[in-house]
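**Q** Sequence:
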Amino acid sequence: MNIKERNYSTGKKILLMIWFYFLYQVSSVLMAIPSVKTVKELWLRLVLFILGFVLSILLIRHLWNYFAGDFHPEIKFLPSFNRKQKIIIYIILMILLIGLVGWSSSVVPTSDNQTEINSMFGKDKWSMTISVVILGPVIEELIFRGALQKLFFNQIKTKWQMILYVIASTALFVWIHGTPFNSQMVPYLVMGVIFSISYVLLDDIRYDISLHVLNNLIAVILMFL
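Under numbering that gives the first Met the number 0, think of the first position of the sequence shown as 0, with each following residue one higher.
Take these hints with a grain of salt, some might be off.
Said to hold, decoys possible - Computed Cβ-Cβ distance ranges for the label pairs, DEER-style:
hint: 1; residue 1: T109; residue 2: M16; range: 24 to 30 angstroms
hint: 2; residue 1: L221; residue 2: F180; range: 22 to 28 angstroms
hint: 3; residue 1: N153; residue 2: P108; range: 37 to 43 angstroms
hint: 4; residue 1: I87; residue 2: A170; range: 16 to 22 angstroms
hint: 5; residue 1: W42; residue 2: Q154; range: 49 to 55 angstroms
hint: 6; residue 1: E40; residue 2: I162; range: 48 to 54 angstroms
hint: 7; residue 1: M16; residue 2: F180; range: 18 to 24 angstroms
hint: 8; residue 1: S118; residue 2: Y65; range: 31 to 37 angstroms
hint: 9; residue 1: E40; residue 2: K12; range: 37 to 43 angstroms
hint: 10; residue 1: I97; residue 2: W174; range: 22 to 28 angstroms
hint: 11; residue 1: K83; residue 2: L45; range: 43 to 49 angstroms
Said to hold, decoys possible - Pairs of lysine-lysine residues, derived as DSS-like cross-links and limited to a Cα-Cα distance of at most 25 angstroms, are as follows:
hint: 12; residue 1: K85; residue 2: K156
hint: 13; residue 1: K149; residue 2: K12
hint: 14; residue 1: K85; residue 2: K12
hint: 15; residue 1: K12; residue 2: K158
Hints in this document: simulated from the structure, not taken from any laboratory. Even for Gly, the Cβ is constructed at its ideal location relative to N, Cα and C.
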């Protein structure tokens, strides 16, 4: 592959990531509009929610079909863990996630992103719950863990490549949540690292999706209380 072909390939991959993110933003905005106080008509809020929901499902299907459902990273230097070992690793990551995110959220200022979610949640609990607990985690993991790895880190042969992937995935995850470069980013930094490590260690995107869902579910339950 010559330089021009390599640049074109990289450019095409970047455009694909932008395209996936654009579709995610459109579906998210449509689902978030019903929680905006200025939209008073119930029928309009319902239509916007349904449009956002349908677009989210279509995006999930589009991502899954584009990569033929192959969201299993090829980590050349790691051992192949059996089911029991994966469960143990998963439980450890889950404990770390709950503990570290809970601790960091209690010692750093609430991020602007979380403040906005809290405000929107107070206006429309159920549409925000579906978006934050189910659709958001699935789409974000498919894009920022799965698609990123398949497009730019298709074969991770060394620990340095794995570290670079974790850094890139985490950085994108922090960026999309709009957190400034200060202490507010710590909870998202923790989440991004743990979700990325889960993906590469457990070799199946369903593990990090479930961790992401669990994390957001706990946050939503606390908002209900």
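**Q** Determine for every hint whether it applies to the structure shown.
**A** Evaluated hints:
Between T109 and M16 the beta carbons are some 29 angstroms apart, a value that agrees with the proposed interval 24 to 30 angstroms. Look at L221 against F180: about 26 angstroms separates their beta carbons, and that is inside 22 to 28 angstroms. For the pair N153 and P108, the beta carbons lie near 39 angstroms from each other, so the given range of 37 to 43 angstroms is met. Checked against the hint of 16 to 22 angstroms, the C-beta distance between I87 and A170 comes to roughly 28 angstroms, which is inconsistent with it.
A hinted range of 49 to 55 angstroms for the beta carbons of W42 and Q154 is consistent with their spacing of about 51 angstroms. Against the hinted window of 48 to 54 angstroms, the Cβ-Cβ separation of E40 and I162 comes to about 50 angstroms, which satisfies the hint. A hinted range of 18 to 24 angstroms for the beta carbons of M16 and F180 is consistent with their spacing of about 21 angstroms. Restraint check, S118 to Y65: a C-beta distance of roughly 34 angstroms satisfies the suggested window 31 to 37 angstroms.
At about 42 angstroms, the CB distance of E40 to K12 agrees with the hint of 37 to 43 angstroms. For the pair I97 and W174, the supplied restraint of 22 to 28 angstroms holds, since their beta-carbon distance comes to about 24 angstroms. Distance hint check: the CB atoms of K83 and L45 are about 46 angstroms apart, consistent with the given range 43 to 49 angstroms. Our distance criterion of 25 angstroms between C-alpha atoms is met by K85 and K156, whose separation comes to about 21 angstroms.
Of the supplied pair hints, the one linking K149 and K12 holds, its CA atoms being roughly 10 angstroms apart against a limit of 25 angstroms. Proximity of K85 to K12 is assessed by CA-CA distance (about 31 angstroms); at most 25 angstroms being required, the pair is judged violated. In summary, the hint linking K12 to K158 is supported, as the alpha carbons are separated by about 23 angstroms, within the 25 angstroms threshold.
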